[in-house]
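Hey, can you work out the whole structure from these sequences and the hints?
Chains as they are written, first to last, in UniProt numbering: chain C, 1 to 221; chain L, 1 to 221.
In short, the hints are calculated from the structure, not lab data. None of these values were measured; they are calculated from a predicted model. Note that the Cβ used here is the ideal one computed from N, Cα and C, for glycine as well. Any given hint might turn out to be false.
As the list claims (entries may be wrong) - Taking beta-carbon pairs under 10 Å as the criterion, some of the chain C residues facing chain L (in silico):
| id | residue |
| --- | --- |
| 1 | 11 |
| 2 | 24 |
| 3 | 39 |
| 4 | 47 |
| 5 | 68 |
| 6 | 79 |
| 7 | 101 |
| 8 | 125 |
| 9 | 166 |
| 10 | 198 |
2 protein chains.
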Amino acid sequence: MPSDDQAPTLAASVPQPDGTPERLRRQIEFIIEVDQLKNVFRQSPLLAADRRENDAEHSWHLALMTLLLAEYADEPIDRSKVLAMVVLHDLVEIYAGDTFLYDTAASADQEERERAAADRLFAILPNDQRDHFRALWDEFEERASAEARFAKAMDRLQPLLLNYGNRGGTWRTPGVTDADVLARKSVIGDASAELWSYARTLIRTGADHGWVPRAEAGPRS
Amino acid sequence: MPSDDQAPTLAASVPQPDGTPERLRRQIEFIIEVDQLKNVFRQSPLLAADRRENDAEHSWHLALMTLLLAEYADEPIDRSKVLAMVVLHDLVEIYAGDTFLYDTAASADQEERERAAADRLFAILPNDQRDHFRALWDEFEERASAEARFAKAMDRLQPLLLNYGNRGGTWRTPGVTDADVLARKSVIGDASAELWSYARTLIRTGADHGWVPRAEAGPRS
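Laid out in C-alpha cells, this is it:
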C-alpha cells in the first residue's frame with residue numbers, strides 16, 4: 001500500500017498497460033478504486049435478500065428512483081445533474097466509512113472525515129473532473145440547489161422504503177423513535193411536498209404497526 | 001405469490017398504505033420490486049472483495065463510468081439518456097436471470113426470455129413510464145442509437161477491467177480464448193475508437209501474462 005495519503009489503494013494494485021494515455025489512465029484508476037464502494041455496507045437490510053445493503057447498490061437504487069420520481073420535484077430540476085449526484089454521493093465512504101443516520105457520536109466528526117476522503121479520492125481524477133466531481137459532491141452535501149435537495153430526498157426516502165418493507169429494519173435501533181425518524185427524514189419535504197406526505201404516511205403506518213416505537217411511549221436514550 | 005404472470009412478486013409482499021395515489025403506488029411498487037436486482041449475481045469477480053458482482057452494483061459502476069468516459073464517444077451523445085439506459089439495462093434479469101457472455105447455449109433463448117421478463121416487469125409502472133422504459137431498453141438491446149452503442153460499450157468494458165484487475169477472472173473459463181474475448185468485446189469499437197484501442201491493449205496484455213489462453217495455443221472446445 002502506498003504511504004502517500006493522496007494515492008489510490010486498490011488501483012495501485014492494478015498497473016495499467018504501458019502506453020495508456022495519462023488522462024485515460026487516471027480515469028481508469030478512479031473506476032478501479034471505486035470498486036470498493038461495493039464493499040462499504042450500510043445498516044439498512046435489503047428486501048430481496050437477508051443481508052445489509054452496500055453503498056453501490058444503494059446508489060444505483062437512488063438513480064433508478066430519480067428516473068421515476070423526478071416528476072414530483074417542487075422546483076425545476078436538471079435530471080442529469082441529479083443522476084450524477086446520486087451516483088457519486090457516497091464515494092467518500094470508501095475512505096471515511098458509512099456513518100449511520102442515528103449515530104450521533106459518529107456524526108460529530110463525519111464532515112471532517114468525509115472532506116478529507118473527498119480530497120484524497122477525487123485527486124485520482126484528471127484535474128477538471130476532480131473539480132467537477134468535488135463541486136457536485138459539495139453542492140449535494142450543502143443542499144445548495146434544487147438538484148441537491150432532490151438527490152438528498154432520494155437518499156432519505158430509499159432506506160425508508162427498505163425499513164417499511166422489512167417491518168422495522170433500522171427503525172428498531174435502541175433509542176430510535178418515530179419522532180427521530182420524522183426529524184431525520186424531513187429534508188424530503190425540502191424537495192417534494194408529495195413525496196414528504198407519502199414518507200410521513202409510511203412512518204405513521206410503521207408506528208401504528210409497532211415497527212418503530214412512538215416518542216411518547218417511553219424515555220429517550 | 002400471485003399467479004398472474006404480469007404481477008409483481010416482491011412488491012406484492014409490501015402492501016402500500018391506504019390512500020397512496022395510484023400513480024405513486026405503481027412507481028413505489030416498481031422501486032421495491034427491483035430491489036431484487038441486488039440479488040442477481042454475475043460471473044465477474046469484484047476487485048474489492050472475494051465474491052461475484054451483482055447486477056445492481058454493476059449497473060452503478062456503468063453509470064459512474066459514463067460520467068467519466070462520455071468524452072470518448074465518437075458520436076455526439078445525450079449523457080442523461082445513456083445514464084438512464086445503464087441504470088435499467090439489466091432489470092429484465094430479475095425474472096430472466098443473468099446470461100453469461102460466453103455461454104452460447106443459454107444465449108440461444110436469451111432474447112425471448114428477456115422480452116417476456118420486460119413485458120412483465122415494466123407492466124408494474126404507470127403506462128407512460130412503462131412505454132418509456134421499454135423503449136429505452138429496446139433501443140439499448142438493438143444498439144439502435146449513439147447512446148445505446150455507448151451504453152453497450154460501458155457494459156462490455158467494465159467486466160474487462162474486473163477480469164484484467166483479477167489477472168484472469170472469467171477469462172479463465174474453460175474453452176475461452178483471447179479471440180473469443182476480442183470478438184465479444186468488439187462492440188466497444190462501435191462507440192469509441194479510443195476505448196476500443198485501450199480494451200484491445202488490456203486483452204493483449206492479459207494474453208501476454210497468460211491470464212487468457214491464446215486462440216492458437218490449442219483446440220477450441
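Evaluation of the provided hints:
{"no.": "1", "hint": "11", "result": "holds, 9 Å"}
{"no.": "2", "hint": "24", "result": "holds, 6 Å"}
{"no.": "3", "hint": "39", "result": "holds, 4 Å"}
{"no.": "4", "hint": "47", "result": "holds, 4 Å"}
{"no.": "5", "hint": "68", "result": "holds, 5 Å"}
{"no.": "6", "hint": "79", "result": "holds, 6 Å"}
{"no.": "7", "hint": "101", "result": "violated, 19 Å"}
{"no.": "8", "hint": "125", "result": "holds, 7 Å"}
{"no.": "9", "hint": "166", "result": "holds, 9 Å"}
{"no.": "10", "hint": "198", "result": "holds, 6 Å"}
Hint 7 from the list above is the single one not met by this structure.
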